[in-house]
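Sequences are here, hints too, so could you generate the full structure?
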Amino acid sequence: MSSPDKSNILRKYKIVFLGDQSVGKTSLITRFMYDTFDETYAATIGIDFLSKTMYLEEGKTIRLQLWDTAGQERFRSLIPSYIRDSHVAVICYDITNKKSFLNLDKWIKDVKLERGDDVIIVLVGNKSDLANDKRQVSVEDVEQLHNKIGSKFFIETSTKANHNIVMMPMIMLMQSQKLLILVLKIKLHNQQVHAVKYCLYEHIAIVII
Amino acid sequence: MATTQSTNSEEAPITPKKSSMLLDPNEYNKSDNAANSHQRNDSSYSRNFSLIDMYGEEAASSPTGPDSNDHGSTSDEQLDYQMLQSLDEFSFGEISTDHNVSQQTITQIRDTPTPQPPQHDEDDDDEDRLEIRQQYVIPTSMGNETKILNSPFDRYGFRKSSTHHGFTLEEYNDWFKEYSEYSYRRKKKWELLMKSHGLPIQEDDPVPTRFPPKSDKVKKMIRKGIPPEWRGNAWFFYAGGYDKLNRNAGVYHQIVENTKNIHNKDTEVIERDLHRTFPDNIYFNESIDANGNTLTVPLHSKETPLIKSLRRVLIAFAHYQPQIGYCQSLNFLAGLLLLFMEEERAFWMLVILTERIIPKVHSADLEGVHTDQGVLMLCVKEYIPQLWSILGTTFEGERLSDDQILSKLPPVTLVTSSWFMSLFVGIMPTETTLRIWDILWCEGSKTVFRFSLTILKLCLDNPEFDGAKHSPGGEADQIELFQFVQNFPKKILDCSNLVDLCFKKIGGYGFGSLSQDEINKCREFVSKQREMMNYKRRLSTKMTSEERYTLMNSSDGQLDGNNDIHDVYGFHRPIMGGVVWNRSISNKMKKTFAKRNSSRSST
Numbered sequence: 001m002s003s004p005d006k007s008n009i010l011r012k013y014k015i016v017f018l019g020d021q022s023v024g025k026t027s028l029i030t031r032f033m034y035d036t037f038d039e040t041y042a043a044t045i046g047i048d049f050l051s052k053t054m055y056l057e058e059g060k061t062i063r064l065q066l067w068d069t070a071g072q073e074r075f076r077s078l079i080p081s082y083i084r085d086s087h088v089a090v091i092c093y094d095i096t097n098k099k100s101f102l103n104l105d106k107w108i109k110d111v112k113l114e115r116g117d118d119v120i121i122v123l124v125g126n127k128s129d130l131a132n133d134k135r136q137v138s139v140e141d142v143e144q145l146h147n148k149i150g151s152k153f154f155i156e157t158s159t160k161a162n163h164n165i166v167m168m169p170m171i172m173l174m175q176s177q178k179l180l181i182l183v184l185k186i187k188l189h190n191q192q193v194h195a196v197k198y199c200l201y202e203h204i205a206i207v208i209i
Numbered sequence: 001m002a003t004t005q006s007t008n009s010e011e012a013p014i015t016p017k018k019s020s021m022l023l024d025p026n027e028y029n030k031s032d033n034a035a036n037s038h039q040r041n042d043s044s045y046s047r048n049f050s051l052i053d054m055y056g057e058e059a060a061s062s063p064t065g066p067d068s069n070d071h072g073s074t075s076d077e078q079l080d081y082q083m084l085q086s087l088d089e090f091s092f093g094e095i096s097t098d099h100n101v102s103q104q105t106i107t108q109i110r111d112t113p114t115p116q117p118p119q120h121d122e123d124d125d126d127e128d129r130l131e132i133r134q135q136y137v138i139p140t141s142m143g144n145e146t147k148i149l150n151s152p153f154d155r156y157g158f159r160k161s162s163t164h165h166g167f168t169l170e171e172y173n174d175w176f177k178e179y180s181e182y183s184y185r186r187k188k189k190w191e192l193l194m195k196s197h198g199l200p201i202q203e204d205d206p207v208p209t210r211f212p213p214k215s216d217k218v219k220k221m222i223r224k225g226i227p228p229e230w231r232g233n234a235w236f237f238y239a240g241g242y243d244k245l246n247r248n249a250g251v252y253h254q255i256v257e258n259t260k261n262i263h264n265k266d267t268e269v270i271e272r273d274l275h276r277t278f279p280d281n282i283y284f285n286e287s288i289d290a291n292g293n294t295l296t297v298p299l300h301s302k303e304t305p306l307i308k309s310l311r312r313v314l315i316a317f318a319h320y321q322p323q324i325g326y327c328q329s330l331n332f333l334a335g336l337l338l339l340f341m342e343e344e345r346a347f348w349m350l351v352i353l354t355e356r357i358i359p360k361v362h363s364a365d366l367e368g369v370h371t372d373q374g375v376l377m378l379c380v381k382e383y384i385p386q387l388w389s390i391l392g393t394t395f396e397g398e399r400l401s402d403d404q405i406l407s408k409l410p411p412v413t414l415v416t417s418s419w420f421m422s423l424f425v426g427i428m429p430t431e432t433t434l435r436i437w438d439i440l441w442c443e444g445s446k447t448v449f450r451f452s453l454t455i456l457k458l459c460l461d462n463p464e465f466d467g468a469k470h471s472p473g474g475e476a477d478q479i480e481l482f483q484f485v486q487n488f489p490k491k492i493l494d495c496s497n498l499v500d501l502c503f504k505k506i507g508g509y510g511f512g513s514l515s516q517d518e519i520n521k522c523r524e525f526v527s528k529q530r531e532m533m534n535y536k537r538r539l540s541t542k543m544t545s546e547e548r549y550t551l552m553n554s555s556d557g558q559l560d561g562n563n564d565i566h567d568v569y570g571f572h573r574p575i576m577g578g579v580v581w582n583r584s585i586s587n588k589m590k591k592t593f594a595k596r597n598s599s600r601s602s603t
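Chains as they are written, first to last, in UniProt numbering: chain X, 1 to 209; chain E, 1 to 603.
No lab work stands behind these hints: they were computed from the structure.
Since the structure is predicted, the reported quantities are computational estimates derived from the model, not experimental observations.
For every residue, glycine included, the Cβ atom is placed at its ideal position computed from N, Cα and C.
A couple of the hints might just be wrong.
[As the list claims (entries may be wrong)] With a cut-off of at most 20 Å between alpha-carbon atoms, the simulated EDC-like pairs for lysine to aspartate or glutamate come out as follows:
{"id": "1", "chain 1": "X", "residue 1": "Lys-134", "chain 2": "E", "residue 2": "Asp-402"}
{"id": "2", "chain 1": "X", "residue 1": "Lys-98", "chain 2": "E", "residue 2": "Glu-171"}
{"id": "3", "chain 1": "E", "residue 1": "Lys-408", "chain 2": "X", "residue 2": "Asp-85"}
{"id": "4", "chain 1": "X", "residue 1": "Lys-109", "chain 2": "X", "residue 2": "Asp-141"}
{"id": "5", "chain 1": "E", "residue 1": "Lys-265", "chain 2": "X", "residue 2": "Glu-73"}
{"id": "6", "chain 1": "E", "residue 1": "Lys-536", "chain 2": "X", "residue 2": "Glu-114"}
[Unchecked claim] A few chain E residues facing chain X, derived, Cβ under 8 Å:
{"id": "7", "residue": "Asp-273"}
{"id": "8", "residue": "Pro-279"}
{"id": "9", "residue": "Asn-285"}
{"id": "10", "residue": "Ser-287"}
{"id": "11", "residue": "Ser-417"}
{"id": "12", "residue": "Ser-418"}
{"id": "13", "residue": "Met-421"}
{"id": "14", "residue": "Gly-426"}
{"id": "15", "residue": "Ile-479"}
{"id": "16", "residue": "Phe-482"}
{"id": "17", "residue": "Gln-483"}
{"id": "18", "residue": "Gln-486"}
Structure representation (structure tokens):
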């Protein structure tokens, strides 16, 4: 962070994906990395790592390092060491599984224990394509939690339908404030929208401070 | 061809006979006691951390090793140095009994009446269970090899290639063309071997249930690969499955019966993993059609018989081994076993694996994973020092000093942990995993270490590894190396070459010389160190984070006075001062001296 002007140094950003078993972490990452979706992914054992170099405007490049994790509780003993210097923790839940939402608390605690407030927490409610008949977590539920923990971002996605959201978290460093801001470039009916302010709909919710 | 499945049922002349027996209540009571005493042992087992308790059973892992139920009462003295040493040897003594056991089992299987549907056969699950088991593996024969070559699926029903694989379909087929000829030749050699041991292959029963006793010759044959369609029976035979099954006749089916309608934390987690077990396999994923297309049927609307078996095995296992319960990765182990053997046997193989071969690796605290990673890192340091000089750092690139290895395992252990948990399933191409499993069931846990070292050494020798050492940004980057080691095994299609590299002393890495004895000693060392470390950690939980930080970074464990918790492990050196064999040796020495002295004084 000391020499932000040296553009030849590739900045690396570490993003860790956490959350209960089978909420769709791997699916989210695969969508992000390759823009593909499989109906079912094999369960992740331990930790999977993927990295991707991204080209931003103004000729800058960054390297994103994504850590995919196993959701089962006992695997948490493996996790701390790679949460330790993450810039962003994406904590996922499944909107059709209330329990995965209730467990967010535990995951958030884990992250804060390792990183204090020096981390950006993004909450992702996955499987919004099943929202109509199977939804167990309401948008209000999430807003409440969001206010309580002061999470910086909250989105609901469907990695399956790819109709709403996600794709390219771009990370820019606001050097003056020592703050990472995650700009989520969202895709809505093929229109690219930069979410720059808090907006919340049934299927889409993007928050930027 | 229509589907691999139907081809298979046309050509496979016979399905293996079911060994499941209808339950005789008396029989169950007997075995129930066995199960109970077994569980008692488990609890005593989990209290102790010594090598003898943790890994002693592996000494008994030969098909007719001492009854594991006696294990709890095994005094330390019984497990002496010689026994540890003999772990790596095959002895003919145990083999003769071996024969008896298997023979008995076979008779039992043959005499068993065809299973009748139970009284309450409205239940779908029961019907499935009693269905004659389908042979899932396409047998090695010239005709079949061509069919496999033209199919999108391999011999075991896995999609040959996809985005998750480290190779293309063309690369797979190129490899398979050659390898199928190799498999065919190996099968002929196995048939000769069987014949020479008086176990000729019958026309009407082409899948043998008995195998030649372990010997150097057999070990060599196994290392070159067991015929795919014989694997289930051979693994079961060499791992001591018959022994386990005989001592627990009926137990599995009783557990299944008892756990039929239970709902708890484990069953919930299992349910979520069932359809995430081999979604690339036609026998597990009902929505793949014979051409390899994924059908758009409602998700999980119909379960394949193997998914149902998998559910029963995992739930029964969680019930039988409550100290493990269900752990992700067991689904892959059970799933792979189920492709090769019926569910009762798969269940007992899972038990053998978690009791004897990789104990505690799946336990709630994953202690065995941490222990084994410590052992593996010590092995890397000893046997591949050049690689250790690259990997032996923290994430931040700080070098790990000798006394830090176990408290701050290097980042690469996050990759290798999953090698141990899933025993390479999903880590390597299917046939490569299976070749390692052939050896693992016969030779035990050292196999996992030997192959882990082989893969790591292969990484080091790969020219691209050198490139990965330096990140695009310029500085050495642990994370790029991490990624390399993670992705590299997916490309190892040439399984025969991998096995050769592992064992060959000339032209290979010669890791066959890493003995079970050394692994056991090292495991004990690491687990003792970790025990002390965890003790320190527990004490520190009440401290502030700064206090804790200071404590954890002090390399001299001041906390409990004189414990230097980081002894340095030395290979090939006796490291455990108070161990029994040393005491018995010193007693012998004392006696010898006493004799000499007395004889001297008398003259």
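Hint by hint, where does the structure go against what was stated? Just the numbers, ascending. Failing hints, ascending: 1, 2.
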